[in-house]
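Going by UniProt numbering, the sequence shown opens with residue 1, and the numbers climb by one from there.
One or more hints might be untrue.
Pair by pair, the computed Cβ-Cβ distance ranges are [said to hold, decoys possible]: (1) GLY120 - THR355: 39 to 49 Å; (2) LEU457 - PRO192: 48 to 58 Å; (3) ALA962 - LYS718: 50 to 60 Å; (4) PRO179 - GLU400: 28 to 38 Å; (5) PRO777 - VAL736: 26 to 36 Å; (6) SER818 - SER904: 28 to 38 Å; (7) GLY568 - GLY827: 34 to 44 Å; (8) ALA962 - SER818: 45 to 55 Å; (9) LEU457 - GLU829: 38 to 48 Å; (10) THR1126 - SER450: 48 to 58 Å; (11) ALA957 - GLU400: 54 to 64 Å; (12) LEU805 - GLN1138: 51 to 61 Å; (13) ARG779 - HIS822: 45 to 55 Å.
If you're looking for bench data, these hints aren't it; they were derived computationally from the structure.
Every value quoted in this text rests on a predicted model; they were computed, and no experiment measured them.
The C-beta atom is built at its ideal place from N, Cα and C for all residues, glycine as well.
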Amino acid sequence: MPNTAGRIDLEAYSIVWLCPLPVETTAALFMFDEHHEGIIDRQHGRSVEYHFGRIGSHNVAVAGFPSGEVGIGKAGAMAEAVTRDFKNLELGLLTGIGAAIPSSTRDIRLGDVAVADPEGQYPGVIAYDMVKVVPGEERPKQWLNATHPLWRSVISKIRARSAVVGDTFHQHLKAFDKPQTEKFRCPYLPPPLHSAFEDNRRDSNKPVVHYGTILSGDKVVRSTDFRDKLKEKYHDPVALDMEAAGVMTLLPVAVIRGISDSADPFKNDQWHARAAAVAAAYAKEMLMQLSPKSPPGNGLTMPSLSRVTKSYVDVSSRLLNCYSGTKHEPKTKRMLRGQLPSPWDFHGREQELATIAMHLDRGRQSLFEKSVLVLSGLSGAGKSQLALAYIKKQLAEDPEREIFWINGRDKRTFEASVVDIHGDKRKSQISAETQVTEDTDKVVTEIVESFIEHLNLPENTGWLMVVDDVTMWNPDAGLSENAAELNCYLDRIHHGSLLVTTNRQSWLTSHEHVLSLDCLDSTSAITLLKSRLRNHYTREEDLYDLSQTLQGLPLSLRLAITFIRKRGIRVTDFLKLWNERKLDDTFTFIEPKLVQTLSLCFDELKARDPNAASLLTVFGFMDHRTLSFDLCSHGASSDLPRWLLDFGQNKDHFDRAIESLLDLSFIQLNNDETEIATYSIHPSVHSFARNRSGSAKSTFIHWAITLIADNVPRTSDKDYYRRCQALSPHADQCMVYMQAGNHEPHHLERLGALYRLLGRYDSARRLYTAVLDVLWPHRGSFLETTAQVLNDLGLVYFGQRNFELANETFQEAIDVYSQLDHPWPDGAEDTFMCIIFNHGNACRMKEALDEAEDDFNRVYKFFEEKRIKSNVSAAPWIEIMISRTLNALGEIRLQQGETRTALSMLQRAVSLQSEHLDSAHPIVLATTKLNIGRAYTDIGQYLEACDIIREVADKYAELWTADHPSAVTAKSELARACMGYGQMMAELQQTSDQSRRGDVLLEEAERLWVECLRFYGDKYGETSEDALRTKANIALLQSVTGDLTMARRNMLQVFQQSTSPPQKVKAQSDLALICQQMGDLGLAEKHFAHAVEASKLLPEPSRTRELSRSMYHQARLFFSLGDRDTYSAILQDLVTLQGIAEPSEWREHAANELANSGEAL
1 MPNTAGRIDL EAYSIVWLCP LPVETTAALF MFDEHHEGII DRQHGRSVEY HFGRIGSHNV
61 AVAGFPSGEV GIGKAGAMAE AVTRDFKNLE LGLLTGIGAA IPSSTRDIRL GDVAVADPEG
121 QYPGVIAYDM VKVVPGEERP KQWLNATHPL WRSVISKIRA RSAVVGDTFH QHLKAFDKPQ
181 TEKFRCPYLP PPLHSAFEDN RRDSNKPVVH YGTILSGDKV VRSTDFRDKL KEKYHDPVAL
241 DMEAAGVMTL LPVAVIRGIS DSADPFKNDQ WHARAAAVAA AYAKEMLMQL SPKSPPGNGL
301 TMPSLSRVTK SYVDVSSRLL NCYSGTKHEP KTKRMLRGQL PSPWDFHGRE QELATIAMHL
361 DRGRQSLFEK SVLVLSGLSG AGKSQLALAY IKKQLAEDPE REIFWINGRD KRTFEASVVD
421 IHGDKRKSQI SAETQVTEDT DKVVTEIVES FIEHLNLPEN TGWLMVVDDV TMWNPDAGLS
481 ENAAELNCYL DRIHHGSLLV TTNRQSWLTS HEHVLSLDCL DSTSAITLLK SRLRNHYTRE
541 EDLYDLSQTL QGLPLSLRLA ITFIRKRGIR VTDFLKLWNE RKLDDTFTFI EPKLVQTLSL
601 CFDELKARDP NAASLLTVFG FMDHRTLSFD LCSHGASSDL PRWLLDFGQN KDHFDRAIES
661 LLDLSFIQLN NDETEIATYS IHPSVHSFAR NRSGSAKSTF IHWAITLIAD NVPRTSDKDY
721 YRRCQALSPH ADQCMVYMQA GNHEPHHLER LGALYRLLGR YDSARRLYTA VLDVLWPHRG
781 SFLETTAQVL NDLGLVYFGQ RNFELANETF QEAIDVYSQL DHPWPDGAED TFMCIIFNHG
841 NACRMKEALD EAEDDFNRVY KFFEEKRIKS NVSAAPWIEI MISRTLNALG EIRLQQGETR
901 TALSMLQRAV SLQSEHLDSA HPIVLATTKL NIGRAYTDIG QYLEACDIIR EVADKYAELW
961 TADHPSAVTA KSELARACMG YGQMMAELQQ TSDQSRRGDV LLEEAERLWV ECLRFYGDKY
1021 GETSEDALRT KANIALLQSV TGDLTMARRN MLQVFQQSTS PPQKVKAQSD LALICQQMGD
1081 LGLAEKHFAH AVEASKLLPE PSRTRELSRS MYHQARLFFS LGDRDTYSAI LQDLVTLQGI
1141 AEPSEWREHA ANELANSGEA L
């Protein structure tokens, strides 16, 4: 009786592994933990056969290319085929052979592994022969997608783990240790491919992994000249292949290549099998490190699992069944994100809604399909209301769909909307390191990039996004930062549904699907008018005449309805008034008949409430989306008109004006969650109000700018950052007018302060520079103002982490301030001391510690004397300045090794801060506590250190997220405290509980540092100073736990890769200590000697710190060797060392040992 095979369920397989060559397919099959045998029904059009199995927790389908077919084109066809065959496809792998690109920066050899990973400006894979030829150069014709974010996270995880336990993918090569797999073994021990590594000898034939750019093209390259030209052009890529470019835009894929040749004339097939094997082994490691999905399921349906070699838990589909029209599984309901516009009566448009649904409904899309529909029409045609109607329909019919509403008026507005919906609401804007606002422009860029990555995740293919009011993205628009095309964002989105509303005709040529929105048809218009004007007409023909006169524009109809109802007139009376006026066709982007209606309504507003009409005109020069009483309430400048000052001083008067604007439909109440009411103006009404100002335009612009300048808060004001955020869009609007004309330096300075407080440092720098250009020729008359602007400019450079330029600018401010005649005005000396404090901070950040210490001591003495002279308790701001100065001095003492003194200063600082800053400025307080934790670690009070640093780490995670740079710094400090505590407990070994506690602490330190290493590697690169410093800490931990081989390997990498001289010297000294632990005393002696000589070349304070440390440990090495004369001589040299800038604990140790030398020897 024939054996009955099971039936393969394709929906249980979410990962496809592509292999171009048969030998690569064979290598992949050896990686299966179990093979799935069964029958699948071949659907019409399916052109690929698969091998099915399980690796780790994942069901995987392996697909080989058709025999004899390779290259980019075939790879693209394969990607399309597997996308069609697997409804629940989530991720892909592409493995096989590749050609190394030898380099002096990496020792790459035959049998190594190349992994595509974004590097610099490149996404991981580049189609090197897909170029556009223009005069003088070749440019990439198409940028490929980066390696999928989830795969990149797995790669980062593997790289971080390799620093702790080595490369674990080697273990998977054991699958080839069988007689029948001999061809997959190393043909011979591979030599270096670049002359820079001729003297390097590898201890084994284990492959090394190289991460970076893989170049992909349809050429079989056997030319070193061609290869080297590509290397120079693309800044040191890793390898060449022939398929990756075909799949990167079609699949969420990772590319792994085993090195089989070096693209030279000697290229042959000898290493093909081994290269395929190592690539497969690394691919399996990626699958092993990829977290399993839930719920569990089965890859086979029926009958039996007898053909499956082991029992297993399959990874079932959870993401894509919604695209095939099947019923959704229960899941967490997602929120609509973004602020919807205020609704108005919506009638008709059924055909348009059906067209939108045809393009954008989730059930009508194919897997990974991207659909873009552009709604185009005149201003006031109802584009936003139609988009809103479709969204409401979607919320009712598909409530689990993720929907975004983004205001796309210009680049800045688009990015602000993305930040609002995707940014972390908990995240404080103050840097824990610099204690000034983070560079918001950089943060915004990161959030927008993260949002696009989020949209491109495979599980997010069902989302819908509306980008509303795309108006100011014209490359010729005035503001350069808004000149970028929206397509620069939308083109990088690979799937999902986008609905764009615009009145710009230029958009129509760049998109395939455009729905031109005409006016309401007469039937819909009459239905609307009937519902709102029941007692204002006698004949239905009058309603028809009105709809025809207003061309069915929804905004015109709305305005006409409110006018008729508020005036209590008939439709025929309105038409008579309307027709008596002459059409005005001078307004840009507004249909003349809409202008006619607006003019009629505006004249009515002026007659009823002239101040309300003026307020609308002032609002016309601000942002149209969030207008509120706050904008008027802080107006105080004498050049503002009396009526506008009155609105700010009397909310009842302001509210009456708002009521007049609401009555005539000029504004709408926003449906938001703000504490105070905010209002919005339709873009067409907004544009009309501006243009209506006529010859008084410059006056209204001045009033608008003055209001914004008067509104800019001080950092001491309550909720200052929230107020700054609310002002930001209005300031951006005012900047357009300020760039077109001359305005008061005071206004420039206040808007510069606003942008500085927001962390928009480039904008702030331009404004402060403009103010200084005006002030500088007359600075003798404005010394105090000039110095204050220079100080603000210095804070901008400080926020941008340009500490050298910040230092110079603060010094210039000090020099200008010093020219003031004595006696100084009240408060001038306080300001002067604040500038000196800022100068000290800049000096500290660039490690000019002596100069910083002088500044901080001067500031501390001044404010301490001021506090003592006060008959009553000192003002809180004085106490705050004293606490911040003590914290700064405490940090310097920590760097100088004076830990006890530092701890005393920091404890007093935190006492003052707890009294004044706990609720308002938690970051300042947490930063000081972190410094106290560092001090406790340095003096060996590890329990106290762990407690206080853990508190700070939790606070940072609450304020920001666990992967914020400052939170990661706290993790690193906690790891250092845990290592010291764990080492102490292990050394005591008084009880088994203490021993276990020590092991737990050391494991926690390892976990924390591995997390830090992953963060720094992803954010700054594997060879960044932060990543290497963390790897050095891991190596020291490994030396404590006894894993000396890994400790030496990691510390050697830090020493070889570091570009920071102090870090390089410390790594070599630590490497010597590890060699000493391993018993390799000769090598330890050599490393210590080199570290001592290199230390002498360092600048202070690094010279003193590293030289003292290296010399002391060098002496202890000779003591262990029994060479007491050399031991004593080195200690004597250390104690009498000339040019030492500060005390050193190592010199103290040396002096103590010499004093007790009789006993010691």
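Next item on the list: Please flag the earlier hints that this structure goes against, numbers listed from lowest up.
Entry: Structure breaks hints 2, 3, 4, 7, 9, 11, 12 and 13.
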